[in-house]
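S.K.: Work out the full structure, taking the sequences as your base and the hints as a guide.
Those protein sequence lines, which keep their order, are chains F and A.
Start counting at 1 in the first sequence, then tack on 1411, and there's your number in the working numbering.
Start counting at 1 in the second sequence, then tack on 4, and there's your number in the working numbering.
A couple of the hints might just be wrong.
In silico lysine to any residue, SDA-like type, Cα no more than 25 Å apart, as pairs [what the hints assert, rightly or not]:
| # | chain 1 | residue 1 | chain 2 | residue 2 |
| --- | --- | --- | --- | --- |
| 1 | A | Lys78 | F | Ala1587 |
| 2 | A | Lys78 | F | Asp1574 |
| 3 | A | Lys78 | F | Glu1597 |
| 4 | F | Lys1459 | A | Asp118 |
| 5 | F | Lys1459 | A | Ile55 |
| 6 | F | Lys1539 | A | Leu33 |
| 7 | F | Lys1459 | A | Lys87 |
| 8 | A | Lys78 | A | Ser124 |
| 9 | F | Lys1539 | F | Leu1486 |
| 10 | F | Lys1459 | A | Leu18 |
| 11 | A | Lys78 | F | Tyr1586 |
| 12 | F | Lys1459 | A | Ser167 |
| 13 | A | Lys87 | A | Leu33 |
| 14 | F | Lys1539 | A | Arg26 |
| 15 | F | Lys1459 | A | Ala128 |
It should be emphasised that the hints constitute simulated quantities derived from the structure, not laboratory data.
Note that the coordinates shown come from a computational prediction; the quantities given were computed from them, not determined experimentally.
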Amino acid sequence: MGHRSRGAVVTRVILAAHSLWLLLSRPDLPRLADFPPEILQTIPYSLKVRTLFLFGPSVEMLLYGGALIVMMLLLVGRAPDWMVLAAGVLMMHFGALEEILAGMPHSYFGGFTIPALAFPVLYAGRLKEKWAVVAIRGLVISSYFFAGVAKLIYSGPRWFSADTLYGWLVVRHSYADAPLALWLSEQTMLLWGAVLVIGVIELGSPVLLFRPSLGSVFVLVAMSAHVVIRYAMGIFFPGVLLALLLVDWDSFGHRRSKTEKGPADVPESADQKRRKPDGLSTELCHGQFNGTLSP
Amino acid sequence: MIDLAATTLFLLFLLGSVGVRRASSETRLLAIRIFVIFLFGALAFTNLTQIDLWPFTRFIPASFRPNPDRETSKIEFVVVDSKGRERPLDMRVFSPVTPWVMEIWVVEKTSIRDQDALMSPLLALANEGRERLARDESIGPQRFLGDAAIPFWLLHGEFEEVSSEPWVGLRVYETRFIPREYGGRLEQRKIEGRNLLRETKRGG
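M.R.: Listed below in structure tokens is the structure:
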């Protein structure tokens, strides 16, 4: 059905590259199954079933090796489509292993969440349809947006004050490698600026669904913020590469096509127009979608 | 109950994915709409109720307002050599379990009696990691990729100094402190006093 959108290809490559990088950075994941039984028996059986942590070390090692192969094949575009669905299940499984001992309190931070959900979406979109690219972009946006919502839920609007960041910097300095923490904690104006940026990035992120062209600016600001957070709070976001999914790669391709006077400029024939059964479904599936998830 | 709900949700999500892919051209648009509403509805539910249904997870970085004047605590693992000397443990020896998770687990997730019994297996894991480091092998996230690896999200210290002699004990300390007062001088606080929470039995 239809041609492959540039955005779909780039989305697959970014997801596979991130997942491969993350898996190679977690070489001990299969080893958890080899932990002493006294430790493993503290994990509830229902949680083991939920995360498919049911196998011995040999099977886990096979699964891990399989996951690496799947990601490499996905990266170069040689994976059969069913492997894309399998990739989501594997990322769900391995992502859980980092936190399963403590009952998954902060599973989002591991960097596995978005691939675990995005690969099945990509599969549903046959690895080429624009609606799936937009939905995956929505997943990344939701990770920023709901982070802002959580701040409102737990702390209310008062979270967005320099005082809050001051508290975080002082506390985090006591726990982690955060060389900028104490210096930054004394720069009140910078803290207010940072709070403003956090508020705009997180609570304003849904704007990208309607204005995908702002994605590049958003990514630059968000990645800069992640770098500052690393040195100021000692927190590294393993999923930082996934912010690249917010760049509007289809428009980038479209602009290039126009410059090169390529196929994108060829007017549609009357016959082609007649054959479209439903304008929306054509937009959803063929890459002319404007970025919103509603008609 | 949470585990059942999370399992069901993810299974439905996977089935939905297959269903959308196989839907006929007449029903495809409806299938896509239902699938997308399901996906974001589930995420909205978990984030508005703050019930984690991994992989439909909560996005909660730094959601609280910390009070730097309120006493807090830091958990620290140390190993003991045959001469009774303590040194901080490189927590990558417990990889893939992150340091933060290990701290929760050893303090909160098991009964006090179990925790004492569990210290010996932890010491064995620590010595396994020590042996690898002594052989000049990398451990933890850096094992395959070295410095190019993605670190654990909560950054902890890594210690290059390695003993070739097995460690004979493992202790878990809790240091209580007021962040504003000791923020930059936590080492001094450790010297002043810390509580021993767990340790391996003699000979364990």
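S.K.: Among all the numbered hints in the text so far, which are the ones the structure does not match?
M.R.: Failing hints, ascending: 7, 12 and 13.
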